[in-house]
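Asks: Listed below, chain by chain, are the residues.
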Amino acid sequence: MHSMTATVDTNPDAAAASQASVSAEIGAIESAYQRAGFEETQPRLDYPPYRSSLLRHPTKELVHADPEGVELWTPCFSERDVHPLEADLTIQHGGAPIGERMVVTGRVVDGDGRPVRRQLVEIWQANAGGRYVHKRDQHPSPIDPNFTGVGRCLTDDHGNYRFTTIKPGPYPWKNHRNAWRPAHIHFSLFGTEFTQRMVTQMYFPGDPLFPLDPIYQSITDQKARDRLVAAYDHDVTTHEWATGYRWDIVLTGATRTPTESQDQGAQHQ
Amino acid sequence: MSTLLTATPGQTIGPFYGYALPFEHGNQLVPPGAPGAVRLTGVVADGDGHPVPDALLEIWQADADGRVPTAAGSLHRDGWTFTGWGRASTDDSGHYSFTTVTPGPTTPGGAAFIMITVFARGLLNRVFTRAYVPSAALAADPLLASLPAERRSTLIATTDEHGLRFDIQLQSSATKPETVFLRYPGHRR
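One line per chain: the protein sequences are A and B, in this order.
Those letters in the first sequence? Residues 1 to 269, by the working numbering.
Those letters in the second sequence? Residues 1 to 189, by the working numbering.
Hints in this document: simulated from the structure, not taken from any laboratory.
Any given hint could be a false lead.
[Claimed, not checked] A short, non-exhaustive set of chain A residues, derived as facing chain B with CB atoms under 8 Å:
(1) T41
(2) A65
(3) E71
(4) A224
All values reported here derive from a predicted model rather than from experimental measurement.
Beta carbons: idealized from backbone N, C-alpha and C, even for Gly.
Let's have the full structure, built from the sequences with the hints guiding it.
Replies: Shown next as structure tokens:
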């Protein structure tokens, strides 16, 4: 597991390697994955092309646990927690933000296809120029005074979420020399059991940066990667207003029975 | 358990969640100084033993009587409602801190624990662990019993003057064993 650490600079700001050498590492892992013939569906925690993961990935096998007690339940959120206007990232300031206005919507379901109702969805993202409102982001692209890039909503009774925002731009980072992240929106999701808790990134179709990006490529299986890419949906696009994207999210399977889940739902009211 | 659909992959939380996910009183499940309030604190460290200053932790737990909370309101805490869930960032020295109550066991005589989810830049997917509350009941806990002693100890909080201490070692270092992280049914590779 530590074989790479001797030769690879783990300083995330070193930007030492070239894209060509990082791409070669990515390609070698992908080839080995295809030869192995075992389907993976999640990112690897141990993925050396993403330099920041070298010292931060667990080296031991995850230990099987049968969920019990609180693990079978989830925190509850309601209108007390989230105002409906928090789902519109374009109206949080005095003026309209710069960029391509877009709607992203979709459905959150568990592994059995059951909708995750009345649950919290959080997003955050860079602005149209690829700049985050974060003090550690010093990328020389302008802050947009009309765009913070943070949104929240509750799913509806069918598990649907919907945000209005600005299409984020790609941005450089210091994993390696001339490294650029594909444009993405970060999503934070809760299920009906806390074991379903997840954070991920939604990407846009056809991004030319996909093959170059170690974070996206840390998912070794193309079908699995595709699950993070939204689809352009002209039925979501609105006349004279915003383009539309659809992205559905599947959480891991829930272990409680549907009846119990409905009981829990009733307690939330 | 029959699972029909393949789960959407996770991705790292990245470095820039700090203006988005933390919220006021996010780490105060109860107000500091409230009757029964304890501190849950610790350090998140990497394989070189260095603190991780950009990790985000969430805890989810029963109340002091072992009841699983069902109240909303975590994001706008009223100071009186125990929602059982909290969120804390590590600081520049890798420390995190929650103010909460010591959870009771959810089954009579069972082992009580706080469920913890860890997110960090450099961690490509979230990881889960349990911080067990020290008690005689731990001896009969099936998960703890399944682990060798040096790994088992990584799941058991220690007590200090203010409450509980629970360090998280993302990767084995020269001096500290790696924290046990958990895979639940339905969590595929």
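Asks: All hints are to be evaluated individually against the structure, with a verdict given for each.
Replies: Hint check:
1. T41: Cβ of T41 of chain A sits 5 Å from chain B, so the hint holds.
2. A65: holds, 4 Å
3. E71: At about 6 Å, which falls below the 8 Å cut-off, the nearest Cβ of chain B leaves the hint on E71 of chain A intact, so it holds.
4. A224: Holds - the Cβ of A224 of chain A comes within 8 Å of chain B, reaching about 5 Å at its closest.
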